[in-house]
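Peer 1: Chain by chain, the residues run as shown.
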Amino acid sequence: MNDGSVLRLNNVSVALRRGRGDMVPLLDQICLTVNQGEMTALVGESGSGKTLTSSAIIRLLPRNARVSGQIWLGNTDLLRLPHGEMRKIRGRDIGMVFQNPLAALNPSVRVGAQIREAYRLHTGESDHAAWVRACELFDEVGIANAKKRLGDYPHQFSGGMRQRAMIAMALACSPKLLIADEPTSGLDAILTRQILSLLTRLRHEFRMGVLFITHDLSIVQKYADQVHVLYAGRSVEWGSSEAFFNAPRHPYSRALLGALPGPGQIRLTAISGALPDPEAMPLGCRFAPRCAYHKAECDWCYPKIDNKGTTSVACGRVEDIVSVHPPKGMPSPQYFRSANDGAVILKIEGLGVDYRLPARGILTALTGGKNSIRVLDDIDLTLRYGECLGIVGESGSGKSTLGRAILQMVPYDGSVIVDGIAFGRMTRSRRKMMRRRIQVVFQDPRESLNPRMRIGDIVAEPLRLAGEREYREQVRRLLDRVGLHARILDKFPHAISGGQAQRVAIARALAAKPAVIVLDEPTSSLDVSTQAALLNLLKDLGHQDGLSYILISHDVAAISYIADTIAVLRSGRLIEVGATAALLAVPGAEYTRQLLAASFLYGKKGTVQLAVAPNSGSMGIPS
Amino acid sequence: MSGTTTPSFRPIGGRVRRAIFSGVAESLGERGTLTAGTVLATLVVSFCLLGPIFCRASPYAIHVGDAYYPPSSQFFLGTDQIGRDELARLIAGGYTTLAVSIPAAILAFIVGTVFGFSAGLGPIWLDKVLMRVLDAVLALPALILLIFFASLLTPSSFQLILLLGLTSWPGLARLVRNEAIAQRGRDFVHASRQCGGGTFHIAWTHLLPVIAPVLVFNGTFLVGDQILALSALSFLGLGIQPPEASWGGLLQAGLNLVVVDPWWMIVPAGVMIFLSIAATNLIGQGILTRSEEAV
Amino acid sequence: MIRMILTRLISSFFTLTILITIVFFMAHATPGGPAFSILGQKATPQAVEQLNQKLGLTASLWRQYVMWFWHLLHGQLGYSYLLNRPVRQLVGDCMVNTLALYASAMLFSVTLAIAIGLIQGITWGRWPANLIRLLELCFYAMPTFFVGTLMILYLSVKWRIFPTGGISSVRISDPGLLDYMRHLVLPVVTVALLGTASLSYYFGASVHEELGKDYVRTALAKGLTFRAVLFRHVLRNALRPLVTMVGLAFPYIFAGSVMVETVFNYPGLGYLLWRSALSQDYPVISAIVLLIGCLTVLGNLFADIVNGLLDPRERYE
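Protein chains in written order, with numbering that gives the first Met the number 0: chain G, 0 to 622; chain B, 0 to 294; chain Z, 0 to 316.
Watch out, some of these pointers could steer you wrong.
Selected chain B positions facing chain Z (Cβ under 10 Å, derived; list incomplete) [to be verified]:
id, residue
1, LEU125
2, ALA141
3, PHE147
4, PRO241
5, GLY269
Simulated from the structure, these hints should not be mistaken for lab results. Glycine is no exception: its CB is placed at the ideal position from the N, C-alpha and C atoms.
Bound conformation, chain G alone (with noise of 0.2 Å):
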């Protein structure tokens, strides 16, 4: 049993019964395995069932959920063993991290008090000795000043600190095993990297299985030993991280690894297709209806475990792929574009936005204190006709309050030109057109339709407040420039998926026909595959009709995938302007360096060498 490994699954199924209806079976079969020391990383988009692996292994799954197989932890089945014995287990030998530390924070708890807690519930240890170690841990994971911090909230730590405070609740007892559950989703690039530093670190130190959980292939590769791609509850294909990232065997890793953009690459492989419903999961291979080499064989087989390979792949065609050349993307008709000597279309002039803090009324007015913070300090931006412009920050620099600014949703001073007209003051009816004039596209595809519309009224109100009264055809037209059927026609936002409802905001965007579109972080809550087909659509757009966008993001692959000239944007000031070839080779800026190397996979074909930054494992930003 003891081949240096942790922590092994064998077989384990889980199903959930859903209200009064059978099992249905979400979790098919896992065998994965934890080395001692090593980093495993679960790879797999939303609902392929990453987080009921964890869940399965620390047995903290809903009522109504079975489990079958078995989980070694060392050499004890903890499927096997008593409630109490369980407990014992969680927290001192598994140590968890979670997603959004916010929320898995206790709020009215002091953050030293939640660790102390931790510690004393499996020593048995004074509470002195308990803040001991919590002082031990704070300074571990690198959070300075420790006395001070345990005493303080959840709420006062900024979303780093929260995480790292989380990974020493985790490391409490030193456990042999952590499992880190998208611990870095809704953390910004660098940041990223330094949590992902940190656990690398700690694993070594401690000499601790981390089984890392994650949706995002780009941020494994330098840091996991093991790789182990989930798809709809199945093994898809698991082994060394090197080999995997080398030479992806199977499809569905291969379409995944193609759909992550980089600089200069020319096409995203997009999967058609979704997930299956799990209640009626397809019979043979789950992946087999999305598949690019799909055979008639592979609907009702179950997949054949190829393990010859540097990987293993549960597809029986391994050996036919192999040989076929990787699917290529179609290139985009023209790829290289003309130089920027199109007209300037909008034009953005010592534009500053100031944020009024709320809630102090009738005394400050009184004392007379400042109540306003600049978000926004002296922007000059310039876009041109057919141009695609990308301002990319990580969060709170300001990058969606310039989106709203051009957008004319806040005040702000300086100018807006759109077409050699500045905003300012003009009749109500003049200002209501030149807003048309300028589109948008938001980035919850939820939020921005409204729930008791159908989809053809949500893409014809555009056209109806334009006073046209023919629409119907030209709703037609527009749903189907951005590759959406007529059947959705009459549905409710609801009953569609978000990359869908994500193009019928660009569907309701174009209506306006207008001068350009501004895209707020328009992927981001979309799964790798989603994005990718998404991210192509707005390439094909913009390179076909024209259309202008300015992309506001994050995520730098993203941008760079198919803005013309990226802006980066910190603490409200813009840092550094060029055109994304130039900037990405030669980054002018020490924080734009930081970024760049955040933010790609490493090797990938076609990427621009990087000058990668020294990478500060324990550099923290002071909250």
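Could you slot chains B and Z onto chain G? The hints should help.
Peer 2: Relative to the frame of chain G, chains B and Z by itself:
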């Protein structure tokens, strides 16, 4: 204070009710709630409207010789202290109660919705002024306000409708206002404004359909509220005046004679009030759950 | 925190001023004015004139308003027309009784609500919670005055366990505390039933909601027992909305207790309000209405402050 500070005065009635009845909807199932509510409401309303066809006795005819009869085959629900038929009085009382409560609820609904939308979508100064007024009115429970006003004038049925209608709208108004403010900050409203949608267009095509379930839910509850308030007022002798029958008045008459143990003068009237309130609440919740499921 | 309290106090002051104004003008703009209600509708004009002079009602409405406000600020609430006693004294006597009733009812219902709500929150979606919910629904839709009347009918008249009303027995020469408490039982239980029905559901729902939050999973993953998670982590967060509810529920439960005091002839503020309303004794009515307004505003303020103290996120802002 953070930006999420709660306003200083909130009507809690709606919140608790919504919480309680959403629970019922969960256990009965969305269909069950609506069906149970509708059946109950139909029973109550047809009892009040069609009752006189089956019960021929007059609710006002006095037969001193027949006083204090317990329920029997001759008097299904017995008689009161001056020999009036209790069943007839229960039916007549129900009719009066509904005839006042329902128009009052409609009045309150209209006033509350208009007030709420004006505050939520109008200019900021208007919102501030309207909310100040609302705070002042909400500082008093509706029943206290009602007692205060009812003591100023001995109200007729028409005045009662006005009185009930004009004291019970603030809760709904605040709800509509808060809801309008919450919804108008959503992305689809921004998108519509970007396409040139004006305030009226946004209120009509975007806000109203989204708020509608909450409106219907609270509108239905208003009916229950009015029945309760009117019965309470009549019970206190400040609402519908004897000899006209009302459920509250019947209860009061029963309580005054409680020493002679006339349970038939107390229980039926109370049960009717209970049933009609439960019916409206169930219907409201049923509609809300159904429209939430639909989206 | 202090800033919040100050802002809130200022806005409460505005609210109360508006309220005072409404009450004053409503009471003085009635047809006939108070003189008619004292002397009856058939009073001679001379008698009315005389009385108006005596009550200071001949001055202009604005002057009266200013005077009234001035008196209010000095705590002078005027004289009862009918009982000819200072309103302050009358209201004060009744207030003690109401507070006793209200405080014990709240204590009772909050304790009960926490116990019931915990069971409901833990067993959410299964039969114990469903049963509790059904009971809560029944009591919620039940008018207080009906419940009170039923109690008198069965517990007092039929089974003679408790007295029918009032606060002291006539037959006992020296009514002690025990006798007072015996009279208090039925009104307290009636008010408490109303309060418990809404509070317990609300608390149950927030326990259920808190149990579904991520920090509960974290605590369980640390190896804590469910009981420890419940009492050390969940309860603290679930109690917070309950505090708000208790503060906000005040006027509603008070309105309910008006009905209860009337049913049980319990000499509290609600009973006094009822008697004065029937006989149109405006000084008393106005005073009580204003008092309830003040208490409501204070109840809201109290809820906000306690909430601020309980929630570190607000405390440190």
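Peer 1: List in ascending order the numbers of the hints, as given earlier, that are violated by the structure.
Peer 2: 1 and 4
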